[in-house]
Amino acid sequence: EPEVTQTPSHQVTQMGQEVILRCVPISNHLYFYWYRQILGQKVEFLVSFYNNEISEKSEIFDDQFSVERPDGSNFTLKIRSTKLEDSAMYFCASRAPPSGASYEQYFGPGTRLTVT
Amino acid sequence: GQNIDQPTEMTATEGAIVQINCTYQTSGFNGLFWYQQHAGEAPTFLSYNVLDGLEEKGRFSSFLSRSKGYSYLLLKELQMKDSASYLCAPGYGAGSYQLTFGKGTKLSVIP
Chain D
1 EPEVTQTPSH
11 QVTQMGQEVI
21 LRCVPISNHL
31 YFYWYRQILG
41 QKVEFLVSFY
51 NNEISEKSEI
61 FDDQFSVERP
71 DGSNFTLKIR
81 STKLEDSAMY
91 FCASRAPPSG
101 ASYEQYFGPG
111 TRLTVT
Chain X
1 GQNIDQPTEM
11 TATEGAIVQI
21 NCTYQTSGFN
31 GLFWYQQHAG
41 EAPTFLSYNV
51 LDGLEEKGRF
61 SSFLSRSKGY
71 SYLLLKELQM
81 KDSASYLCAP
91 GYGAGSYQLT
101 FGKGTKLSVI
111 P
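So the sequence lines, in the order shown, correspond to chains D and X. Under our numbering, the first residue of the first sequence is numbered 1, with each subsequent residue one higher. Under our numbering, the first residue of the second sequence is numbered 1, with each subsequent residue one higher.
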């Protein structure tokens, strides 16, 4: 069964450093998302991406964040200058074009980012 | 915000039935998802309701009332592996359909 993959599974970085989190969505999917979950808290939407551009973003997704689809398979989230409060699990998700009533998003296993 | 409200924790016995309720803001609402999340893992899709009524899928069923901004997830014949958080996620907005998750209901299934 096709699945969303993410690398690395765990990333430790120092405050102020740049990090790039990588995702490979399911191959025929067209909508891509990043969510984050701070330990013990709810899953929060960051950004959605369609047709090579951002379609929606939340207040969390400020100028420190950017997303890119550099080729036909990868979807990346970059944090330019990490802060302690960026420590969280980051989930990538993707979904196919709407088919009937199907809007299911498939989540990757997540990257745990620890900023020290 | 979307004011998603669901109970924080619930406990039920193996083999029993449990109902997890969720209320949400109806403005701009498209449809409602339920996801399951085991500790330390990614959310996994359980159900999606766009029309009023009950959708049944094996041991899990989900109900939606659009006018009331209300949904519930019904889990039957509970198993120990059903111990997890259950996330109510209304979808808003046209196009990207990003999910807004509630804080989740942590369900503990006991023998």
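Since the hints were derived computationally from the structure, they do not count as laboratory data. Everything numeric in this text was worked out from a predicted model, so none of it was measured. Just to be clear, a hint being listed does not mean it is correct.
Below, in silico cross-link-like pairs of lysine-lysine (DSS-like), each with a Cα-Cα straight-line distance of 30 Å or less [claimed, not checked]:
{"no.": "1", "chain 1": "X", "residue 1": "Lys-103", "chain 2": "D", "residue 2": "Lys-83"}
{"no.": "2", "chain 1": "D", "residue 1": "Lys-78", "chain 2": "X", "residue 2": "Lys-103"}
{"no.": "3", "chain 1": "X", "residue 1": "Lys-106", "chain 2": "D", "residue 2": "Lys-42"}
{"no.": "4", "chain 1": "X", "residue 1": "Lys-103", "chain 2": "D", "residue 2": "Lys-42"}
{"no.": "5", "chain 1": "X", "residue 1": "Lys-106", "chain 2": "X", "residue 2": "Lys-68"}
{"no.": "6", "chain 1": "X", "residue 1": "Lys-57", "chain 2": "X", "residue 2": "Lys-81"}
{"no.": "7", "chain 1": "X", "residue 1": "Lys-76", "chain 2": "D", "residue 2": "Lys-42"}
Which constraints among the numbered hints does this structure fail? Numbers only, ascending.
No hint contradicted; all consistent.
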